[in-house]
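K.L.:
Residue numbers (full-length UniProt numbering), protein chains in the order written: chain A, 1 to 278; chain B, 1 to 353; chain C, 1 to 335.
Each hint should be verified, as a subset may be incorrect.
[Unchecked claim] Which residues of chain B face chain C? A partial, calculated answer using Cβ under 8 Å:
(1) G158
(2) T189
(3) G216
(4) L254
(5) L255
(6) L263
(7) P270
Just so you know, the hints here were simulated from the structure itself, not pulled from any lab data.
We treat Cβ as the ideally placed atom computed from N, Cα and C, and that holds for glycine.
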Amino acid sequence: MYPALLKELLRNRSALTGLILLALVMCAATLGHVWFPGDPWDMVGTPMLWPGEDPANPLGTDIMGRDMATGLVSGAKVSLLIGLVSTLISAVVGITFGALGGFYRGWIDAFLMRVTELFQTVPQFVLAVVLVAIFKPSVATATFAIGIVSWPPTARLVRSEFLLLREREFIQAARTLGMGDGRLILTQILPNALPPVIVIAALNIATAIQTEAALSFLGLGDPNVMSWGTIIGNGREQVVDAWYICGLPGIAIVIIVLAFSLLGEGLNDTLNPHLKER
Amino acid sequence: MADLLAIQGLRTWFHTRAGVARAVNDVSFAIQPGETLALVGESGSGKSVTAYSILRLINEPGRIEAGKILFNGTDLLKLDDKGIRSIRGDRVAMIFQEPLSAFNPVQTVGAQIVEAIRLHRRIGRRAAYHRAMELLEQVGIPSPAKRVHEFPHRLSGGMRQRAMIALALACEPDLLIADEPTTALDVTTQAQILKLLKSLQAENGMGLLLITHDLGVVAETADRAAVMYAGRVVEEGLVATLFTRPFHPYTAGLLASVSIDDLPPGARLPEIPGTVPSLLVMPRGCAFAERCPYAAGTDGCLDHAPAFLPVADDHRVACFRTPPTPRPPLHAEATGEAAGALLPLDAAARVVA
Amino acid sequence: MNTAARRRTETGADGRRDGAEEKPLLELRQVVKRFDTGAGTVHALEGVSLSIRRGETLGLVGESGCGKSTVARLVMDLYPPTSGTVHFDGKDIAKAGRDARKARHARLQMVFQDPFSSLNPRHRIGRTLEEPLIIHRRGNRKERAERVAWLLERVGLKPDAAQRYPHEFSGGQRQRIGIARALALRPELIVCDEAVSALDVSIRAQVLNLLLDLRKDYRVAYLFISHDLSIVRHMSDRVAVMYLGRIVEIAPRDDLWREPRHPYTRALMSAIPRVHPEQRNGARITLQGDLPSPLNPPAGCRFQTRCPFAAPRCRAEEPILYPATGEHWVACHFA
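Kindly generate the complete structure, drawing on both the sequences and the hints.
P.N.:
Right, here's the structure in full:
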């Protein structure tokens, strides 16, 4: 089933573009340090070198003389890590809440949905800022905070899928075979509810990366880690004299967000059964 | 008499990713004014696609590839968009299987009928409302003055189907296409709707193209029937002829499959073995050959598609077998002789003679 | 018509009526089921009692909204009755513990209406058929695979079907798979809820024949639910006619067709469009109006709003089901 899905994805234009962009960022994140080794915090050259001015720092340096290329490569790693892990957290929480609510309905559903609404009434970003501020700013807390504020849409989606699927005859058939609830949820309903969740997860990654950049920009990032948001935050004073300090990580964020959005859109096209017909 | 509608060599194909589905493949038939023709077939036989092709309601990836659809002598396939729109809902109207999805849920029934009238007639809103009420009364909806302001979901299934018939009759069409009009209804309601359709037809003399899979409905409603199988008409003729002396083995098989009332309870039912071939990979020869009890003995069936030719007056068949000797109608046997003569009701025996 | 001839063939075909009277395999006693919805309370079932003997087929016929599918779901324990009891093999199913419930599921199976939604689209057929065996811990892997192959052969499918997904099959083939799944645990009772109504006529006969064969070979009992009177007559030993949440008539098949007593039964019989309309016995009774809403069923007899013979008594007093002759029960003041 999955090789077939991959083949279909590669035939979809937006998914293909997304995958190519994603592959570029992945390469930068995993292989980048081969070309740009060293600590991104090290001051290695003259401050505020423009890109191309000095071959030793091909993308220039920032106000403190730190190498931009090394910083961007490190930022790619951080962005991907936080984007993926926080989305995983939000998917797990969202699927659990949605699945239990949609499957059992009644008071369990009412309770879980009230909790979900509670999270939705507070603006996501404000909540993330508060959470990171309460705990010590670090990669772990940022990941956790982003994950914990972004699960409600997933929960609602999973719940509505479960509400529809639980009435389908093959689910009733499984019940009449004497199947227990856990097995019913995990082996029968969930696999059928996953396609839209995968789509929303891809889009979630894009949002999570933006949120992380915003947190770092406000100085709520991990002080020991160079992320794109940190670079932009540090360069904001020089945006007129040296726009590239904010511009380059900005472009990087656009590329990665675009990659996941296109991938999400492509997944939606390929996984959506209505479009697949005929 | 001039044909009200004559379809000649119609081909509607669907160009899917998996290949070309020949949903309607060389279909020809005609309807006289005031006549009821039933288009009979199972799901996927192409009967609905044929109906939708008449009003050119075929969407991508479907395309009408060839043929003529002559309505009162005009080829509907040659009309421009404006021309076909002026025919739709005015001279040719259509009713659907599921009335709830055919109505706009946020408009009242009356408003939708008024809109239908005013699309084709220069007539004031007030007069159109009056006409809408008349129509609702004509189709047997109680207290039409009240119902005209109801939303579609407030009506029961049977009432909704009546309202849709009223909508279709708004401009007194010459031809009414009814696509499985009673399939979604219960038997007792179905009987009411069929009775209504017949009486309306008698009143204003319109032609009726009835699309259905239910042979009982055909027998009780239609004058003539065309049986479709895998995109082609395999047999066409008067209902009385077709149902008593079916010639095509598929027609005979269908009739035998619904002969359940003539069998002793619990006895094995006559069945047509196998399944319908995929529209994507049509066999070279006769589409029914694989399931046909006679194909084995006839070399031609697997290699060539049989032509659609007359075997008697007003009785055309697409089959290679030679016409059988006439036999008395089946129901004469059933009612006239002992019960034993009825059993076993073997379709093959009846056709082969 | 032709009753004598029919009876002769029938006693030859099945000897199930022999043997001493035993306790019923399935019994519903005064079952009431109400659903609370936003619009009010739906009175789905109001005091339904019926029973099925071992190896017997009870036909349950009625129009949409009469509650016949609710009966199926109550029997399958998909939801509990509001009041009344459902007994399987003498035991109240509501009182069963976890193990007893599981054991009952093996003996009581269901074939669903929609062949397209009754199979999990993401599971291969082999897995769908093996699932019941795994749940009930029947056999090892090899024995289960053998059983799956046997099931596929039994319902007339090729062994390679096990490797394929539901979308690769036609409606009729999927319904065969649904029957194979129901058969996997060798049940004593199979509930068929509109099992053939979604199928084309030429395929319908194939599936009905399969059900008939299974009954002959394994002596399985059926609760055969359908809106199609002809099919119910063909499949059933006894038939119950439902209208708006109540059984209005219940009788052995031949008694019912020889002398339908309830006006609704007669209307239903006469409304079926026949291929040879001349064969209809008696004049057609066309009912007026539509089925009343189960949200507020009419007072008195539930059929009085559409009954051509309704009298003042029918509006005031609800008729109870009483035995007209022997096993022939009817709920009408004038039957």
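K.L.:
Does each hint hold? Answer for all of them.
P.N.:
Structure-based check of each hint:
no.	hint	result
1	G158	holds, 5 Å
2	T189	holds, 6 Å
3	G216	holds, 3 Å
4	L254	holds, 6 Å
5	L255	holds, 6 Å
6	L263	holds, 7 Å
7	P270	holds, 7 Å
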